[in-house]
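**Student:** Chains as they are written, first to last, in my numbering: chain A, 1 to 326; chain B, 327 to 933; chain C, 934 to 1211.
Treat the hints with care, since some could be wrong.
Stated by the list, open to error - Listed below are the simulated EDC-like cross-link pairs for lysine to aspartate or glutamate, each with C-alpha atoms no more than 16 Å apart in a straight line:
1. 860/B with 875/B
2. 748/B with 673/B
3. 110/A with 1204/C
4. 577/B with 74/A
5. 748/B with 680/B
6. 775/B with 1204/C
7. 222/A with 1096/C
8. 358/B with 74/A
9. 427/B with 733/B
10. 427/B with 857/B
11. 597/B with 74/A
12. 708/B with 976/C
Just so you know, these hints were derived from the structure itself, not from any lab.
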Amino acid sequence: MFGVTALLFAALQFLSPEMRASLYIKDPRQLSAMEAVIEKYGLRKPLPVQYGIWLKEVLKGDLGYSETAKMPVERAIRAFFPATLELTLVAFLPILVLGVYLGTLSAVYKDRWLDHLTRFVAITGYSLPSFVLGLLLLMVFYGKLQLLPPGRYSLDVDLLVHSEGFRHATGLLTLDCLLNGKPAAAWDVFKHMILPGATLIYINLALLLRITRSSMLEELGKDYVRTARAKGLPGSLVVKKHALRNALIPVVTLSSLLFIGLLGGVVITETVFDYPGIGRWGVVAAQQLDIPGVLGSTLLAATLFVLANLLSDILYAVVDPRIRIG
Amino acid sequence: MIRNFSTPRRLKNLLALLLTACVWAAAEAQIKNPDTYTYLTLSDADSMDPAWSYDTASHNVILNVYEPLFAYEGSSTEKLEPRIAEKVPSRQNGLISPDGKTYTIPIRKGVKFHDGTPLTPEDVRYSILRFMLYDRDAGPSSLLLQPLLGYPSTRDEKGTANPKAFQDAERAVRVKGNNLVLTLPAPYAPILTILASWAPAVSREWAVKNGDWDGTQAAWLKYNNPKKESSPFFERTNGTGPFKLERWERKTKEFVLVRNDSYWRTPAKLKRVIIKGINEFGTRKLMLQAGDADAITADRSVLSQVRDIPGVEIIDDLGTVQMNPVVYFTFQVNTVANPYVGSGKLDGKGIPNDFFSDVNVRKGFAYAFDYQGYIRDVNRGKGTQATGCIPKSLPGHNPKQKTYRLDLEKAREHFQKAMGGKVWETGFQFTLTFNSGNIPRETLCQILKRNVEALNPRFRIDVRPVEWPKFLDSYRASKLPIFVMGWQADYPDPHNFAFPLMHSQGDYPATQKYKNPEADRLIEAAIRETDLSKRKGLYARLQEIEHEDAPHLVVLDSVAYRAQRDWVQGWSHNPIFPDSPSGSYYYPIYKAPKPKGGAGGTGKGKG
Amino acid sequence: MSLLGFGLISFFFAVSLAAPVIAPAPPNSRDPYLIPQDGYSPDPVLPGPRHWFGTTEQQYDLYYGMVWGARTAFRVALSVVLVSLAIGILLGGIAGFYGGWVDEVLMRFTDIILAFPDLVLAVVIVSVRGPGLDNVMLAVTAVSWPSYARLLRGEVLSVKERDFVLAARALGGSDLRLLFRHIIPNSIYPLLVVASLSMGRIVITAAALSFLGLGAPVGYADWGQLISLSRNWILGTSGNPFAYWHTVFIPGATIFLFVLGWNLLGDAVRDILDPRQR
């Protein structure tokens, strides 16, 4: 994790102090104050010194202040991350389940119409930039049908969630609403995740589907499968018990990468649907050179990554007993 | 049997009642959230502290929650009406001294802050002192420091605070009885208009209670140039305005304002105002269409997409107080490590550092630009050509001032004269920059490039977008041979345009290294002159010099448009109000079905 | 099916080769990749005799953009994918094969890169180096290779314990030979699949970066840039949501066909290479 932050810090130092000061100077009228701003934020100090200062603060528990989020970095993380987590959970499970299921089906019925159809549909999702899909979905489901609005919640839920008695237990608003005994509000929050979730699902399905399919094809062509079939074992049993397990190795790798990717936030989807997640914050921070913000969100991503790695290493071992851990 | 007869009648009555209710409900149901007004904007606000913020997004909220001494009457940018003040000082009512240096401002009685405490003249004094002495880097404090103290900063170039600043400030701002008395070192024409947009009244008691400056000399240095988020004013407010800030939700980028029911005038009609930042135009448009938003920010390039939405009205041709875009020439370009000047010499592959100090070069460019074409194509024909640095909506604008027109013959003439003919013979090459993402400016650069290159094959111009950070870098180092920028008014007075664009110490000329002593003299005289017609004369002469010297090219006196739902009533335009015309002063606004056209006017069917 | 894939890609390839002929750059233009503008008005114009594919906002000719965009697409996609594959295979193969501390070090490094949310890293790189297609390629390569490395490593870990490898080892081959002749060719399938999808994906990523204002400059012949220009026009006018359909459809369909082509081609290649599928 140090590596991540050190690398990032180093990259950012390629920017001159003037460029980094632009975070604080937004308007040509303020240009005369440039030098003072540079002084104030210590932008001229040598790289290791600045990194050391930052590190010291972090170890003290102070992640600094994110100018683009207008709040301390830790508050920003606590504000944005649960939203992203919720959306990721809503989107990831269908991607995984559908991807594996359809991919397997595709492999088993290779070259039949089912195969072609699923691949075709998946490819359309894959070859569309997310904002095109997002805006089209928004236009249909919000513009025409008025069913699914953008944002995190509607006006009344907004007031509810910020009212006095509301307990924020998990940060996952759907759960929290249920815990507070407000199922209607929970449904409202969930409704707002349907469109961004659908966008994410449609776009990411292709990859998982293809990997599963090709992996399965490989497995199905193997000798032990042919043997098992010859022995008279029913097809589906063969598929499920043996082939699938072996085929899953690359699937595991990819889905953990995908999960991390989603957790890292999906800035474009968030922008289009006005969803307050980590992605939007992270990218805007990077664009505006809000260094504490970038470092903070990256640190978060790095932590998640480490955790997910552990998880997927465990899964490797489960799926393929031949891999020795260690 | 009795039942058999009375039921149908009762039933009929009931049905009639139901029907009426339905129709009425339908008419009402058309207006979403009738007592809540939602405005969707682009930019992020910086801070709620009136002494800190210099951006329009923050100011839009600040001027709805806090109130300054004065305000503009209706749509006027010249006529003031009293707000926190009881009367507007003038020569006639004797509240401005004959030498123009002392202003006596009676303070309104009976005004309360949102926390219930009464507003006193002491609070007003505190507000102005705090606005000036806070003086954060790149902040607005100089707007009052300059007129009231005579110098623009409480710190010198090294950043050391001037210990005399407090004394100078407290001498300049005094309380006498119920009046606030301002004593200026020299007459300053726009002082009152500055006080109509800046330094609104804050409560000293509230400030002290929440850990901010107590107004004394002992503590002022501690609060000079502090960190933004350390002040209670950053995210909480306690003003006197028609709305209170209930919440600034930075996660979802929204402000929630609620009505102040103890407002000193009749309380606002709206119960709640929500201002939300949504970056994606498509999303904003859909929300306006659905009625979930009552007004949105939309620029001219997407007008065709908002124009025909049922239920949405467009109000166009609204004046502005800005000069945008303006093409600036850098008279002394810093050619060290400069990727934009080519070889750095007049050899056909670059430009020398004093390329633009030759007036013939500048005039060549001036005649090569297609002003009308720009207005027609980029602005869809809206707006008029600017005649000088002072925009149309302000006094001092001279509609008769001669302007440049596209005239390739004249352009050729000037280029041929430039640098004794050498420019024409050897040609030149340089890079023209604009800040990336800004399409009108990019188009401007393209037009200029095309027309100039067409004059002589040895003239070569590259057009490049530059990211804002990189732009600042290069700008500060005077590396940009030509740059295109805009200027938005701080307050509606010609000085606010004349100084930054034409005075040698103004923002732009300082970087351009342009100096014309006559221009400086005119500007300095005009700021001291309180007779309006004399001022106009001075500015007229200034703009003549501007035309002759052509240190920059002004292009457009722009007009803006507003897109709102047709059930929004009570809005009126004032170009100086922050974020206008999309953002506004929310006090007079309310939502009601559009008057007239009631006969089957909905055409949308029952709700 | 694979024939279709091959056909599509060849078509695009031919177009990109023929670009200067079928869509000649206007005289005076110093860079043929800059799309000519017909005036400056902001509303896109529907396809017609003057502009076969219509124009985008600011009147960039879509036909020209599509043709030269084919060149850009190949240039960008091929360089990014080939370079990332090369780096990924090298590092992933070595890591998986040698295991131990080599694996640890290499994978930690890969992890560091992977830990960055994609776009953040790309944005940082582009912010530091400035916008422009070359920096976009650099940024996308930088975020792509780790996935290949990890994938390959995973495969290698599993393949290297397989019988035929153990057999080859017993026969006494050198490490390098073992790695390159036996292990990598058998581990490479998932990578080929990912790579073939990636070819098209690169264009989408470029569109994403353009959406954020960091891709090729506006007016450059790049499909991603052109489709991101459609963002304000997707919704059309209120009476007619398809008023500007061509701004989305034309670059969108082109990208789709490009991705489809590479997919089918990738499948075909895999079918050919996989000895067990015969």
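**Student:** Does each hint hold? Answer for all of them.
**Tutor:** Here is what the structure says about each hint:
Using a Cα cut-off of 16 Å, the hinted pair residue 860/B and residue 875/B is violated, with the two alpha carbons roughly 23 Å apart. A threshold of 16 Å between alpha carbons decides the hint, and for residue 748/B with residue 673/B the separation of about 9 Å falls inside it, so the pair holds. The straight-line distance between the Cα atoms of residue 110/A and residue 1204/C is roughly 12 Å, inside the 16 Å bound, and the hint therefore holds. With a C-alpha separation of about 12 Å, the suggested pairing of residue 577/B with residue 74/A holds against the 16 Å cut-off.
With a C-alpha separation of about 14 Å, the suggested pair residue 748/B and residue 680/B falls inside the 16 Å cut-off, and the hint holds. About 54 Å separates the Cα atoms of residue 775/B and residue 1204/C, which puts this hinted pair outside 16 Å; it is violated. Between residue 222/A and residue 1096/C, the direct Cα distance comes to roughly 14 Å. Compliance with the 16 Å bound is thereby established for this hinted pair. Taking the CA atoms of residue 358/B and residue 74/A, the gap is about 37 Å. The hint is violated against a cut of 16 Å.
Restraint check: the Cα-Cα separation between residue 427/B and residue 733/B comes to about 48 Å, which exceeds 16 Å; the hinted pair is violated. In summary, the hint linking residue 427/B to residue 857/B is supported, as the alpha carbons are separated by about 14 Å, within the 16 Å threshold. For the proposed pair residue 597/B and residue 74/A, the alpha carbon gap of about 34 Å is over 16 Å, so the pair is violated. In summary, the hint linking residue 708/B to residue 976/C is supported, as the alpha carbons are separated by about 15 Å, within the 16 Å threshold.
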